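**Student:** The numbering of the sequence shown is the working numbering, which starts it at 15 and goes up by one.
These are calculated hints, taken from the structure and not from any lab test.
Among the hints, a few may not be true.
Claimed, not checked - Have a look at the derived ranges for each label pair, beta carbon to beta carbon:
1) S112 with V26: 33 to 43 Å
2) P36 with A140: 14 to 24 Å
3) T110 with D19: 37 to 47 Å
4) R87 with G125: 14 to 24 Å
5) S124 with Q33: 15 to 25 Å
6) A21 with S112: 35 to 45 Å
7) A95 with S136: 24 to 34 Å
8) T110 with G38: 16 to 26 Å
9) S112 with G51: 31 to 41 Å
10) R87 with M30: 18 to 28 Å
What the hints assert, rightly or not - Below are the SDA-like pairs computed for lysine to any residue, each with C-alpha atoms no more than 20 Å apart in a straight line:
11) K52 with F130
12) K52 with D19
13) K52 with A81
Treat the numbers as computed from the prediction; the structure is a model and nothing was measured.
All C-beta atoms, glycine included, are put in the ideal place defined by N, C-alpha and C.
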Amino acid sequence: MPRSDEATAFFVAVYMAVQEIPYGRVTSYGHIAHLIGKLGQALKHLPTDPANTFHHGNVPWQRVIAASGLIPRRDNPSGAARHAQALRSEGVIVTTTSTGGGGGLHVDLSGECGWFPNVLPSSQAAGGGGGGGGGEEDWVSEETMFPVLF
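Generate coordinates for the entire structure from the input sequences, incorporating the hints supplied.
**Tutor:** Right, here's the structure in full:
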């Protein structure tokens, strides 16, 4: 069944936003939704076929994880391990945690690997928001992204 124009626009916005996450940096599904103005909506599927406009080869899917820093568990038990390995290959530190009933793989999003701009770099370059100077006003504070921790 073909996607509606609205669904297609959402998919494109998500994939384009994910393409802007810098190498070695990680953000959350919710922050991608914030950046594209679609809070409360999520997308956790990326086509593998290179014939698609967006696919595993040109969208760095591994750079998006849960807001808690946990790498999501997959239906396939080796999926989280592959996800962690893809992040480690970019220099992201992935640890094993004992929280969440059995543990999981975790990235410290409050550290240097976390990527939480208020606007996408492409929007800022086009004059679409933010302070324009690349200063700290262009970034979401840790207190905003992780209120439970503060």
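**Student:** Give a verdict on every hint.
**Tutor:** Going through the hints against the structure:
{"no.": "1", "hint": "S112 with V26: 33 to 43 Å", "in the structure": "holds, 39 Å"}
{"no.": "2", "hint": "P36 with A140: 14 to 24 Å", "in the structure": "holds, 18 Å"}
{"no.": "3", "hint": "T110 with D19: 37 to 47 Å", "in the structure": "holds, 43 Å"}
{"no.": "4", "hint": "R87 with G125: 14 to 24 Å", "in the structure": "holds, 22 Å"}
{"no.": "5", "hint": "S124 with Q33: 15 to 25 Å", "in the structure": "holds, 24 Å"}
{"no.": "6", "hint": "A21 with S112: 35 to 45 Å", "in the structure": "holds, 39 Å"}
{"no.": "7", "hint": "A95 with S136: 24 to 34 Å", "in the structure": "holds, 32 Å"}
{"no.": "8", "hint": "T110 with G38: 16 to 26 Å", "in the structure": "holds, 20 Å"}
{"no.": "9", "hint": "S112 with G51: 31 to 41 Å", "in the structure": "holds, 37 Å"}
{"no.": "10", "hint": "R87 with M30: 18 to 28 Å", "in the structure": "holds, 27 Å"}
{"no.": "11", "hint": "K52 with F130", "in the structure": "holds, 16 Å"}
{"no.": "12", "hint": "K52 with D19", "in the structure": "holds, 15 Å"}
{"no.": "13", "hint": "K52 with A81", "in the structure": "holds, 16 Å"}
In summary, this structure violates none of the numbered hints.
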